[in-house]
Each structure stands twice: as C-alpha cells, then as structure tokens.
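**Student:** For reference, the chains in residue letters:
There are 2 protein chains.
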Amino acid sequence: MAEFMTGMKRTNYCGELRASDIGKTVTVCGWVQRQRDLGQLIFIDLRDRTGILQLAFNDATDRAIFDKAFSMRSEYVVAATGVVRERSSKNPELPTGDIELEVTDLRVLAKSETPPFEIVEKSNVKEDLRLKYRYLDLRRPDVQDKIIGRHKIVKVARDYFDDNGFFEIETPILIKSTPEGARDYLVPSRMFPGSFFALPQSPQLYKQLLMLSGFDRYMQVARCFRDEDLRADRQPEFTQIDFEMSFVSADDVMEIAEGFMKLVYKKVLGIDLETPFRRMTWDEAMTRFGSDKPDLRFGLELADLTADLKSTEFRVFKGAIDGGGGVRGINLKGLAEKLSRKEIDKLTEWIKSYGAKGLAWTRLTAGGETSSYEKFLAPEEAAAVRKTLGAETGDVLLIVASDENKVVFDSLGALRCELARRFDLIDKSKPCLLWVTDFPLFEYSKEENRFVAMHHPFTCPRLEDLDKLESDPGSVKAIAYDMVLNGNELGGGSIRINDPELQQRMFKALGLTPEEAQKRFGFLIDAFRYGAPPHGGMAFGLDRLVMLMLDCDSIRDVIAFPKVASSSELMSGAPTDVDEVQLAELGIAILPKDDNRTKEKQ
Amino acid sequence: MAEFMTGMKRTNYCGELRASDIGKTVTVCGWVQRQRDLGQLIFIDLRDRTGILQLAFNDATDRAIFDKAFSMRSEYVVAATGVVRERSSKNPELPTGDIELEVTDLRVLAKSETPPFEIVEKSNVKEDLRLKYRYLDLRRPDVQDKIIGRHKIVKVARDYFDDNGFFEIETPILIKSTPEGARDYLVPSRMFPGSFFALPQSPQLYKQLLMLSGFDRYMQVARCFRDEDLRADRQPEFTQIDFEMSFVSADDVMEIAEGFMKLVYKKVLGIDLETPFRRMTWDEAMTRFGSDKPDLRFGLELADLTADLKSTEFRVFKGAIDGGGGVRGINLKGLAEKLSRKEIDKLTEWIKSYGAKGLAWTRLTAGGETSSYEKFLAPEEAAAVRKTLGAETGDVLLIVASDENKVVFDSLGALRCELARRFDLIDKSKPCLLWVTDFPLFEYSKEENRFVAMHHPFTCPRLEDLDKLESDPGSVKAIAYDMVLNGNELGGGSIRINDPELQQRMFKALGLTPEEAQKRFGFLIDAFRYGAPPHGGMAFGLDRLVMLMLDCDSIRDVIAFPKVASSSELMSGAPTDVDEVQLAELGIAILPKDDNRTKEKQ
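Those sequence lines, one after another, are chains A and B. If you use full-length UniProt numbering, the first sequence corresponds to residues 1 to 602, in order. If you use full-length UniProt numbering, the second sequence corresponds to residues 1 to 602, in order.
If you're looking for bench data, these hints aren't it; they were derived computationally from the structure. Don't take every hint at face value.
[Claimed, not checked] Only pairs whose alpha carbons sit at most 25 Å apart, straight line, appear in this in silico DSS-like list of lysine-lysine:
#	chain 1	residue 1	chain 2	residue 2
1	A	Lys519	B	Lys111
2	A	Lys267	B	Lys111
3	B	Lys111	A	Lys155
4	A	Lys152	B	Lys155
5	B	Lys508	A	Lys152
6	A	Lys152	A	Lys267
7	B	Lys152	A	Lys267
8	B	Lys519	A	Lys266
9	A	Lys146	B	Lys155
10	A	Lys111	B	Lys519
11	B	Lys508	A	Lys111
One chain only, chain A, in its complex shape:
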C-alpha cells in the first residue's frame, strides 16, 4: 500500500529552487527521474513540470528513510522534505545544479512498473508506442512544453480579443446537418429515433446569426469536426480561433487579425512582427508562385512561357496551349552542377503526383548544355524561353505544360518548395507573413459537374464582379482573404453576403434550387429577412498556428490526446463497439459487413 501525504504540504516546485534557498526547509513532490546508489550515498533526481532537483541521502539520514531511498525506481512518485544545501559537485547543466535537498522525510506516494520507454527529452521512440502511452509521453519535458505553449497562445488570443471588444460566445456542438463541404460526423438522437444531430465543421452559421443578433464582435476558441480521410496534418477534431465582426470591411478584419499575430508573437516568442502584412491577390500568388499560400522566403518564381510558344509545333507544348492551359517554368539559378540528370529524372517521377505528365528541362552547365525539349522547338522559340527565364550558364530550367492551368500551378508550386528545401534556399531568419486576397468565388468541380463555393456559400463576391455572377461565374472574385505563414495557410475568412437576394443568386449559381437551399439553410435564410448587418470574419487553425509557432513537425505534437490517421485514439482504443441496448435505444442497427459493401458500391 502506498503512503499518503498526510501532515505534509508541498512548499516548492523542484525546478524553482536556487542557491538563494540554501538553509530553507522545503517539501517537494514529483517523479523519480533516476536513482544512483553509491553505497554510503544515494542520489535521486526528482522531476516535476518545472525541472529536476537532486535529493541527497547519506550517513546522517535516518535509516528507514535511507532504506526507502534505496528502493526507489524510475517514475516512483514521492514527496520529500529536507533542507536545501550547497552541492559538493555542482552541475552547470541544471538550473538547480548548485544545490541539493538533504532529505529528512520521504514518502512513497505511488510505485511504478518499468515504463515501456524512458521519460527523456527528444525520445526516438516510435510514435505509435508514444501515443498508446500518451500519458507517459506527456511526461517528457519537451512534449509538455508544447502543450503549455499552446495554453499561452490561446490565453493571449482570448486576452487580445477581449481587449478589443469581442465577446466569446459558445455555439452548439450538437447541430443540424447541412451537407456542403466536408463530411459531417453524425449523432443519432434517442428522443427522435431516425433523426440525427451533426457535429459542426465550424461555427459559421451560428457566428453569422450572432452578427444578425447585434453582438457586433464575436470570438470563440471553437472545436470543429470533419469526417475526412486524414492527412498527416489533419485531425477529426480540431480547434479554431474564430471571430466575426459587423459593419466592417475586409481591411478591418485583417487589421484585427494582424494585431493578434503581432501580440502573440511578441508575448510568446519575443518576436516583433511588422504590420500591416504584405498583401497579394490570388491571381498574383498563383502566377508568380504557383500556390495560393506562397512561401516568400525564397525566389524561384514561375515564368509564363505560353506566349513564347504560342506557335510551336512541339506536340507536348502545343497540346497544352491549345487545350486551354499553358506552359510555365522555373529557373533554378546557378545550381546546374548540383542537380544531376539523374536527380531531374527522379523529380520527373515525383512531380507526376501533382498531375503533371512530366518535366521538361534544360541544364546549362559550364561543361555543356543538355535539354529534353529544345530539339523539338524552333531555335527562336528555344531562345525566347531562355530569355523569359533569364537563363545563364549554370542554370537549370524546369518546365511544366498542361492543358489544365491548375496542374501547371500545383506542380511548379510544389517543385519550387521542394527545390528550396533541397538546396537550402529558405531565409529562416524571421517568419514571413502575408495575405492572399481576391480568391475566386467558385471553383469548378469536375466530379459534380457544377461550380462549388471555394470558401463557403455565404462568401460575398467583389462588388465590381456582381454582374458576372450568372454570366461568367468562373471569373468572379470573392472578398476573401487567407493569412499565410511561411507557405502555410494559417487561416482565412471573408466578408459575408448580407443581402437575401444576393444570397439566393449565390445558391442558384451553386446549382441549389430554392427548395434545396431552404431545406439545408432555411433558418439562416429566414434570419436574413429581418435585417442582417454587413459582416465578415475569419478563423485561424489553432493547431497549425501552435505547431508553426513552436516549430513542431506535426499537429499531433501540440494536441494533448491526438488521434492518428485512421481517426482512432491509440490510448483508449476509441472508437469501440457498444452495447446492443444502446443502439436499440437510438433506433439504429449496424449493417452486416456485406450489406455495407453492397451499399457502398451502389
């Protein structure tokens, strides 16, 4: 049976004691990091969340206490009372390295079996094992630091928005399913068997209703849910810093968002960010960097070669241009010697995952020039391409052609980042923040054979584009903005539609009949009939923001109890089977596996 702390009370954390405390009698509590038995002397490194303190036991120690110290093993939980004294051999590596605790009372509050891995910083234990024993993984100081850093970031966010007149208002988690966008998680209702709640993909509708109610400035650190096939940086549940404002322009929203970023970088990392952030239209971002979240910490800009090649007979380029797409390229300046023919072949394979059929290239080494495509071009065409790309000896020209501009941009945008990483071209001296603005309102979905909303159906078109909503929807731009940090989308938002007529035109452009729109969004449509203010807002992806600020590799590092790609939690084993009785109460049944398969095939 373990001992109790009865009659004892912690006076100090382990990591905060210093030489100035010498002579004081203190009580500390924590976990045994390690025990060293030197015969007449025993040392225990005791760990709590603030650091490590050395406990010392020697000839002068009460025998029963000494024997207890002798039996200590890693991860035992103990409380120790004693006198702080100077260490004979100091440890400059440790903030508490000048002192130790000469122990007069020791209680074993809990024993521990040998843990499946050692509790040390920068462990190289496999992630699956770490996540199965997440409660042990979370004992590691570097892992704890991330979770504590997340707390600080969120606290700054709440303080900032409160100081700026925003109210945090909780919106429901059990809501109506409004399928548009990602897949909803569903929750069967027991009171209404056969009916379901959905978990919110975002508080979008509710925050718009709050604007309609006149709260003027809303914010929420909101849990959101998407039942998607998970990528490395996605979680089925994730957190947004969500805000919305009434009677504002996009500039007002962006200014509030910049103010938050400036404050959180200063308070958490001590870094001064310059505001306002640079702004770039979506058109410019795509044309110059092949991405709607360009990383501007390096060059390698895209060049448009379509004009140079408009009359070419070379099948690959001609097909792309005639098909409505184009030809664009990057000049990898001065690195021809470092990018071998073999490496280019590998990149050619790699780039196919972005939809490109291949990579056309020219290597201009001092030793000679080789090219995959120049032989197929007229000399003046090849020269024009070189000129447009600013080609010089030492350069490599890398070119993608496709009849879909999206493929050209996606491929070269990814290639640009890959080359920058590989050749260490990224200026990491300071964070690079920018706004991408004027997104297209729609994107065309080949699967659904219709336009879908690029952000969501409530995004306001630019006023100057209003008359093209029906005639040329593909060219309409939205009053929408994304914040980009080092090539990662941190968050985004828009000004919303506040005019019921315009909203109906928008639904129509999306191919929704008035009846369908009413069924899905009826309560919102109704609400807008009673005076909606102009409003707009934004949401930051908190997990990603924390991950990037704290320099982590994965959002799993900044979530206390994350899920893995299959959506399961390795620690608890969730999801699990449940009692038949529970399902019967909900009026649902599990389909046999076969039925299941049949339905999926239909």
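Mind docking chain B on chain A? Use the hints.
**Tutor:** Only chain B this time, still in chain A's reference frame:
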C-alpha cells in the same frame, strides 16, 4: 438591392455618445428601433448593442436622405453619418438623451420584414416562439446582457486559473464510451463501421491522465454531453469549469475554488464574498435540512422524532421506524393562521411526488388545536414530539414518516424550501455559499441491486474508512465536496484514488469484475501502474453558475442557442433526417419504428 457602406466607416457606437461629443461628425450603425414621422421632422431611434441614439431629419436635410428616412421601418439596418447636436427636448431615461444626430448621410444596409415579435426588453412572448427566432430574441438588450455577462464570468475564470498556475488543456470530444452514470451520446465511425465514439460526459478520465502526466494544475472550460431525459435546468450539452490539481488535499482544492468565487463575484457583480465558506458534512446537511445542497438563508430545520416515537403503536410511524426508516418534522413557526387546513391538504398531495405517503400535521392556532395524528399517539408521545419541535401556539408541525430515510429527507427538504418561498422567509440580502463534505462513497441502487458510486468510481474514500470498503460499504464516506449557492449545487469534486490496488477494491465494491473494469477503463487502469500522484479537483456547472449570478430563471437564458426539453433546437429544427448515403457510409441503418418498439420492450 441594399446599399453598401463603401466609403463610410463606423466611428462610434450609438450608446456611447454624450453631450461632450456635441459638434463632432460621427458615423454610427445599427437597427431601427422605431421611426417617428412628424411631417416636417423625422426621428429614428437607432439601436446597437451599446444602446440607442436618436437620428434627426428636418428641413435642412437633403431631400433624398429625408425620403430614405421616411421609408425606414423597424429592424432595418442602417449606417448614418452626421453631426452630434444638443436635443431640444431631452430624454432623461436614455444615457444618450441629451443629444441627437443631425444626419447628413444615410444608407439602408438591409431591409427587414416585420419581425414575429417586437424587439423590446422584458418581452412576454412565449418561449417557444422566442427560441424559434432566437436570432431576434438575442437582439433584446436584457437577453444580450446575459450572454455578455457569461463572457465576463468565463473570462474571469480563465484569468484566475492562469494567474494561479493552471494550464488550460483541451481534451477530446470524440472519446471511448465508458458507460457508468448517465447515457452517452454516440458517434458512429466511418473508418471503423460498427464502432462508435462517445461524446464526453465530463473530461474526468483525461484530466486524471493529465495529472498522471505531471501537468500539476489543469483547467478547462469544457463542453460536456449527457443523453438524459431533460429537466427544466438541464441541457444535452452543457459547460463545466473543470480543474484538477496534483499533490493536494481537499482543503487545497476548496481554497482554489473559493478564490475563484470571491474574484468572480467581485469583478462581475461588485459583491465581496467572505472566505473561507462555511462547511457542513453531508450527514449534518441531511439531518438538519433534508438536503445535500441546503439553503441556509432561512431556518425551518428538520427535527428527528424517531426517538420520541420509538414505542408508538401508531401504525404509520411504527411501520416507518420498524422498517429501518424514521419520523422527522418541521415546525413552521408562528404561521398557523397563514397555513390553512386546505393548504395543508394541498401540500400533502404535492409532497407525494417526493415519495412520501402523506404529511402528518398539527395546527396550533390561538383559536384551537387540530392534528392529523395526535389522536393516534399516547399523550406522552404527542407531548414529546411537540417538545422536540419546540411547538408553541401559532405554530404548524409538519411530519413525514417513511421506512426509507431518503424519502423522509427528500420530502421534508423540499417542503422546507417550498414553505420558505411561500412565506417569504428567505434572506436575499447576500449570496449564501457553503461546502457540503464527506459524502457517502456509495449509494445503493435498488434497480441494479448493487452499490453504485455516488460521484464516480475514482473518488477516494476517507482514509479512516478504508477498512470498511468491503465489510460495510454503505457507511464509507468519500473525500468529496460540493459547493452550494443558495440551495443550488454549483459544482463538486473529490480527491481521487491514486493507488491501483485501492482502485481495484473500489471496482470490486461496485460489482465490476476485473475483466469488466479492464474493458471499460483499461487505459486508465494501465496508466495508474506507472506512478500516479495524489490528485483531486472539481468542476463548476458554468450554465448554472451564470444563471444564478445573473439572476435568471432558466439556464436557457444564459446559453446563446439552447435546446428545449425534447433535446431539439427549435431554430434549426435539429435533429433532422439525413441522407441514406451518409448512413450507408457509416455502416448503420435506421430500425423500422416497429422493430424499435419491440427492442425497447425486451
């Protein structure tokens, strides 16, 4: 088509302008509260969340603007620019009543249909209609004040816990179902068809794991879910201020909780609370007040009459005592004239809902004495009862007997509160806070024919009761404490079990086999093998705290988008039916209504 704010920018909120602003040119935005057309003059009361400002239009107003003002209707959304000037006839009722805005530019940002009810304070519109149009209901200033008050309370909570070294750590919403206590909401998994997540009834297991991880002090404003048949003051989703601490005693936890209450009352209501709060054991609370959440703002204490009646032959009392229960009563002092025989009969019917079979009574009016039971007692028994209750002329004695003590306490506890309300005996001059401590660890469930945990299976028994865990579980008290405000449970907590052996004894006492315990709580049981610190914590019911602090009648008043007793949201109509395709993807099907009924009957 509505107008836009292009070129305009709000400079001030309506409610904040004062005589000191006279002469300034400002732009305000808001909703038309009302428009008064006096022919040559038009006045518009413009409302935003800060208050109301009068807009004035007259001879000097541009004709187009004047005409626009003429067409304004209630709840139109407008922006107005103009010059602040002194009013000719001041309105002392309004903070802005000394001034008005002489409008030079007016934009109609959105029109409004006639709302289903007027947007005024203290509306007596039926709640169902208010909730269907919650976005309009939320425009009412008194309704907004509650939501804004909630924001302030939560902000103080977060500041307080942050200042005291607590980290807010988000725990998952999609978790493993661990049935014990209320019914879980379930979420079918698409990745693992036939498996389910549950929504958390509280973050209990996760916060204990965080203590095990060494975070030392955790807090979270946490959304929780219970699929229960709803009572007036319950919601399917609700919010807790949840915290947990390591290496602490119950006193430490209670001190932190008291510090929060002291701060939040001071900051939000300007009220100084005295700390520490009064403490009372559960035994004393039940014996004296018939409740584990006694309201101490009035007397009407219970008296135990069992000893006085131990030899009685009166069947009703004898049966109660012999059956293992007892007889207790209340003296409604000096109110015999005000509680008629007829009223007592009504109370007798009323009290049956608490399980009592009836109410025995004696009325001692100056005009005479009547009693429902004295004639059945020996004279010395009747006298002893009067003496124990301190009966004098003018009093009414009200007595309940039952072979179940619980019924006696529940009935008299409820009766005590009902009488205090009815006869206005409650001292409302200041909030009355206390702790109820030393709860029973178990309560016996007649339905399940076993002991169940009164709080939850992780609550630590009092150390002095440890040896009775197997031999006399009913007498074991827990290191558990509830905070009570004016007779309402605000929150509660306990010191948790941190010893794996003791936890196994606890599961056994609850009738769980080691296998069952492992299936439900396996990951927690495993975790405790690796060194769990002593820890304890508490959770406040935020909705109820806000409701009581802001003097509301219902928790629905302090939730932006509440659900009604059937668990549905009247505004969106959730829960709703969903596409077959969605269900097929989840591998579930809806049972036909008949199947359903059959299953429920089984």
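**Student:** Confirm or reject each hint.
**Tutor:** Evaluated hints:
1. A:Lys519 with B:Lys111: 23 Å, holds
2. A:Lys267 with B:Lys111: Violated, because 44 Å separates the two Cα atoms, which is more than 25 Å.
3. B:Lys111 with A:Lys155: 39 Å, violated
4. A:Lys152 with B:Lys155: Satisfied, since the Cα-Cα distance of roughly 15 Å is no more than 25 Å.
5. B:Lys508 with A:Lys152: 42 Å, violated
6. A:Lys152 with A:Lys267: Cα-Cα ~9 Å, so holds.
7. B:Lys152 with A:Lys267: 23 Å, holds
8. B:Lys519 with A:Lys266: 47 Å, violated
9. A:Lys146 with B:Lys155: Given that 25 Å is the threshold and the Cα spacing comes to 23 Å, the pair holds.
10. A:Lys111 with B:Lys519: 23 Å, holds
11. B:Lys508 with A:Lys111: 22 Å, holds
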